[in-house]
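Take the given structure of chain C and dock chain A to it, following the hints.
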Amino acid sequence: MGKYRGNVEAIKALIRETEVHRDVYVDDEVFALEMEHVFGNTWVYVGHESQVPNHGDYFATTVGLQPVLMVRHSDDTVRVLHNRCPHKGTRITAEGCGNTGKFFRCPYHAWSFKTDGSLLAIPLRQGYEHAGIEQSHAVLGLAPVRHVHNYRGFIFAKLNDVGPGFEEFFGESLTSFDNMVDRSPVGKLEVAGGVLRYMHNCNWKMLVENQTDTCHPMVAHESSAGTAIKVWKQLPEGSKKPMAVEIYGPFMSSYEFFENMGIKVFPNGHGYTGVHHSIHSDYSAIPGYYDKMVAAYGENRAKAILGENRHNTCYFPNLMIKGPIQLIRVFKPLAANKTLVESWTFRLVDAPDMLLERTLVYNRLINAPTSVVGHDDLEMYERAQEGLHVDANQWVNIGRLYEPSEQADMTAVINGTSERQMRNQFHAWSKFMTMSMQQAG
Amino acid sequence: MKVPSNQDLVDFVLHETRLIDTHRLDEWLDLFADDGIYWMPLEWGQTDPRLTASLMHEDKLLLKVRVERLKGNRTFSQKPKSRCHHVLQTPQVDKRDEAANRYVTWTPMHYVETRLDQQDLYAAWATHTLAVIDGTLKIKLKRVDIVNCDAAFGNIQLFM
Numbered sequence: 001m002g003k004y005r006g007n008v009e010a011i012k013a014l015i016r017e018t019e020v021h022r023d024v025y026v027d028d029e030v031f032a033l034e035m036e037h038v039f040g041n042t043w044v045y046v047g048h049e050s051q052v053p054n055h056g057d058y059f060a061t062t063v064g065l066q067p068v069l070m071v072r073h074s075d076d077t078v079r080v081l082h083n084r085c086p087h088k089g090t091r092i093t094a095e096g097c098g099n100t101g102k103f104f105r106c107p108y109h110a111w112s113f114k115t116d117g118s119l120l121a122i123p124l125r126q127g128y129e130h131a132g133i134e135q136s137h138a139v140l141g142l143a144p145v146r147h148v149h150n151y152r153g154f155i156f157a158k159l160n161d162v163g164p165g166f167e168e169f170f171g172e173s174l175t176s177f178d179n180m181v182d183r184s185p186v187g188k189l190e191v192a193g194g195v196l197r198y199m200h201n202c203n204w205k206m207l208v209e210n211q212t213d214t215c216h217p218m219v220a221h222e223s224s225a226g227t228a229i230k231v232w233k234q235l236p237e238g239s240k241k242p243m244a245v246e247i248y249g250p251f252m253s254s255y256e257f258f259e260n261m262g263i264k265v266f267p268n269g270h271g272y273t274g275v276h277h278s279i280h281s282d283y284s285a286i287p288g289y290y291d292k293m294v295a296a297y298g299e300n301r302a303k304a305i306l307g308e309n310r311h312n313t314c315y316f317p318n319l320m321i322k323g324p325i326q327l328i329r330v331f332k333p334l335a336a337n338k339t340l341v342e343s344w345t346f347r348l349v350d351a352p353d354m355l356l357e358r359t360l361v362y363n364r365l366i367n368a369p370t371s372v373v374g375h376d377d378l379e380m381y382e383r384a385q386e387g388l389h390v391d392a393n394q395w396v397n398i399g400r401l402y403e404p405s406e407q408a409d410m411t412a413v414i415n416g417t418s419e420r421q422m423r424n425q426f427h428a429w430s431k432f433m434t435m436s437m438q439q440a441g
Numbered sequence: 001m002k003v004p005s006n007q008d009l010v011d012f013v014l015h016e017t018r019l020i021d022t023h024r025l026d027e028w029l030d031l032f033a034d035d036g037i038y039w040m041p042l043e044w045g046q047t048d049p050r051l052t053a054s055l056m057h058e059d060k061l062l063l064k065v066r067v068e069r070l071k072g073n074r075t076f077s078q079k080p081k082s083r084c085h086h087v088l089q090t091p092q093v094d095k096r097d098e099a100a101n102r103y104v105t106w107t108p109m110h111y112v113e114t115r116l117d118q119q120d121l122y123a124a125w126a127t128h129t130l131a132v133i134d135g136t137l138k139i140k141l142k143r144v145d146i147v148n149c150d151a152a153f154g155n156i157q158l159f160m
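In order, the protein sequence lines correspond to chains C and A.
Oh and the first sequence: position 33 is 33 in this note's numbering, straight run, nothing missing.
Oh and the second sequence: position 154 is 154 in this note's numbering, straight run, nothing missing.
Extracted from the complex, chain C is given alone in its bound form (with noise of 0.2 angstroms):
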């Protein structure tokens, strides 16, 4: 047995009130429990049923390092299946989505599936008369995911039974949702574009903490950001500001302007930066948009709903929204030091194009492999990932504007700098983690 493994009290340990031990960045024990627990307690995000709009339309991910498929049945709901054959293992799914009709059948050996995942057929069944197969799991067909929720078209699912259910799980923090979604005139929103995806040789959480790390912008981006600027204003007098500049300008904003834009922090490890504003808010009017939300919501509501101009939600554990660009990240968990992140970009439904093709040259510019913003973010967190084997130091500090005072798993409203979010995100780490933690005897 290692260190961790059946040891609650030691990984409690790892999370003090303004620091982390390292190992919950570099260690792969504490890996390999994150993907039971972590990722087995809580709702992660698998997709959006906008990526499976017909019958038999599927799509295949992951939940932690399980792989899934998300599928629309023939009852029009959105299934989550455990992708794999119950015969051999072989993953069902040939490609990352595609459109499998009325039935799943494996290319091995011709088993079939309903597409809620229930067996179907197997050829030559009377071989198995006397297998015991009513008993086994391999009659259980392509098993669900047993708790799976469709919120305003975003699907999550619980791989264990443990763990709080979906409104008690997130609460209030689904607000950041609503506002992604109300900002289409219909209500609706689409996966559009492509997906960037961006190999990360760090631990998925330093991701995940910078979503709302307000004090790296002005530093690590200056060379792409500031560099922008500048080469900018070299234009003639009177040039109209270009959308990437719009875009990129605003990293470079005081400490100032993110103190003043605030943090929300949720019970459960979710929150979001740019409370009262964000780097978001100053983005051009894009023609005949107000005039459509008018007309859809009333000049109050839709006042209200512009006005929301949220930086980053974090959702706990692996998920980050930006509801006023539309646009999600999804930081998949690889191995202790390997993390994918996947860049979605959602269209507004009945909205001018130009919204789309904003959300785009954002994504492109700040998330792609090709993005100088993400090269500096990424030298970061790869020079931590080496820099924490160092054992004269073994804690990262999290205790920026901490307060003795400060209650975990509570809503509140703080500076825009603080580093309370971090911490709320280890709260909820060590809840999870050693929720259904057996402790060994």
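One or more of the hints may lead you astray.
Said to hold, decoys possible - Residues on chain C that point at chain A, a partial pick, calculated with CB under 8 angstroms:
hint : residue
1    : T90
2    : M199
3    : L356
4    : E357
5    : R358
6    : L360
7    : P369
8    : V372
Said to hold, decoys possible - Take a look, some chain A residues computed to stay more than 10 angstroms from chain C by CB distance:
hint : residue
9    : V3
10   : K140
11   : L141
12   : D150
In case anyone wonders, no lab produced these hints; they're calculated from the structure.
Even glycine gets a Cβ: it sits at the ideal position worked out from N, Cα and C.
What follows is chain A alone, placed relative to chain C:
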């Protein structure tokens, strides 16, 4: 030059690559027309750069930001700097439209980018759309299709 020969077009592509590999990026930038674009699609056979994501779709302003950034003192991901190397097949002239002043070449290539102990190899096709402007050839569009354009990549920091 008013009408470029096929050899002029081939020489241009070879010269362009040499400027990238030798880090003469200000001169490289000058090869682009004022409305020139560098495009690296994300999707296999992509036709739309606007409502489909790309890895890069940059005008001269954005390319200049990259080139200036590479010179910066606080460009942390370039300390130490990346290096790169191209191996090209002979560029093929696909289209010559003298009346429209439009010339298209197609160049299969291998591109290597290195930094510290890391070396990454990419296979790609470069399609150059060129025009004669004020007597010299300029890039209207350089399109780089990476063979595995939809794969998950680490940092790609220089120019293919």
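Consistency of the hints with the structure:
1. T90: This interface hint is violated because 23 angstroms lies over the 8 angstroms limit.
2. M199: holds (5 angstroms)
3. L356: holds (6 angstroms)
4. E357: Since chain A brings a Cβ to about 6 angstroms from E357 (chain C), closer than 8 angstroms, the hint holds.
5. R358: This hint is violated: R358 (chain C) lies away from chain A, its Cβ roughly 11 angstroms from the closest one there, beyond 8 angstroms.
6. L360: holds (5 angstroms)
7. P369: Interface hint status for P369 (chain C): holds (4 angstroms vs cutoff 8 angstroms).
8. V372: holds (6 angstroms)
9. V3: holds (33 angstroms)
10. K140: holds (19 angstroms)
11. L141: holds (17 angstroms)
12. D150: Since the minimum Cβ distance to chain C is about 8 angstroms, D150 (chain A) lies within 10 angstroms and the statement is violated.
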